[in-house]
Amino acid sequence: MFPGGQPNMQQLLKQAQKMQEDLARAQQELADARVSGSAGGGLVEATVSGAGELVALNIAPAAVDPEDTETLADLVLAAVRDASAAAQKLQAERMGPLTQGLGGGGGTGIPGLPF
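Everything in the sequence shown is counted per the UniProt record's numbering, starting at 1 for the first residue and increasing by one.
Derived by calculation from the structure, the hints in this document are not laboratory data.
Misleading hints may appear alongside valid ones.
Unchecked claim - Distance windows between CB atoms, simulated: (1) L77 <-> Q15: 25 to 31 Å; (2) L57 <-> Q28: 20 to 26 Å; (3) D22 <-> R81: 28 to 34 Å; (4) A73 <-> E29: 28 to 34 Å; (5) P97 <-> L54: 22 to 28 Å; (6) K14 <-> G41: 50 to 56 Å; (7) N8 <-> A73: 55 to 61 Å; (8) E67 <-> R34: 54 to 60 Å; (9) Q15 <-> D74: 44 to 50 Å; (10) S36 <-> A62: 17 to 23 Å; (11) D68 <-> G96: 17 to 23 Å; (12) I59 <-> R25: 32 to 38 Å.
Unchecked claim - Think about it this way: if two alpha-carbon atoms lie no more than 20 Å apart in a straight line, the pair counts; the simulated SDA-like pairs of lysine to any residue are: (13) K14 <-> P97; (14) K18 <-> N8; (15) K18 <-> L30; (16) K89 <-> E29.
Only a predicted model underlies this, so the values are computations on that prediction, with no experimental measurement involved.
The beta carbon of each residue, even a glycine, is placed where N, CA and C say it ideally should be.
Could you build all of it, start to finish, from the sequences and the hints given here?
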């Protein structure tokens, strides 16, 4: 700080650059992370990236009934929702501390992040 309470612009720029680097690193870690959710006692399992992108879907043969595709669809949706909830929790854990000072009431305000 300068005398009289004026901020040191050089220091502010360095702080902003460090915050930007930390956010970029955390976003990459989220993109690389994998979380899973399941439904039907594990008959259907969905895996999403930490950023929320669906990357895998596993369906046990026992879950497939040609006469009842609606139940399978429900299980798939439930597994994807479960995995997405896990991804959102991971996002909040990883990004929350880094974005607290950005303002914006409730969300990060960062494009591409769904929270």
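Hints, one by one, checked against the model:
1. L77 <-> Q15: 25 to 31 Å: violated, 43 Å
2. L57 <-> Q28: 20 to 26 Å: Since the Cβ atoms of L57 and Q28 sit about 24 Å apart, the hinted range of 20 to 26 Å holds.
3. D22 <-> R81: 28 to 34 Å: holds, 30 Å
4. A73 <-> E29: 28 to 34 Å: Since A73 and E29 have Cβ atoms about 33 Å apart, the given range 28 to 34 Å holds.
5. P97 <-> L54: 22 to 28 Å: holds, 27 Å
6. K14 <-> G41: 50 to 56 Å: holds, 52 Å
7. N8 <-> A73: 55 to 61 Å: For A73 against N8, whose Cβ atoms are near 59 Å apart, the range 55 to 61 Å holds.
8. E67 <-> R34: 54 to 60 Å: violated, 33 Å
9. Q15 <-> D74: 44 to 50 Å: holds, 49 Å
10. S36 <-> A62: 17 to 23 Å: holds, 18 Å
11. D68 <-> G96: 17 to 23 Å: This hint is violated: roughly 41 Å between Cβ atoms.
12. I59 <-> R25: 32 to 38 Å: holds, 35 Å
13. K14 <-> P97: holds, 19 Å
14. K18 <-> N8: Status holds; Cα separation ~16 Å.
15. K18 <-> L30: Cα-Cα ~18 Å, so holds.
16. K89 <-> E29: Holds, at roughly 14 Å.
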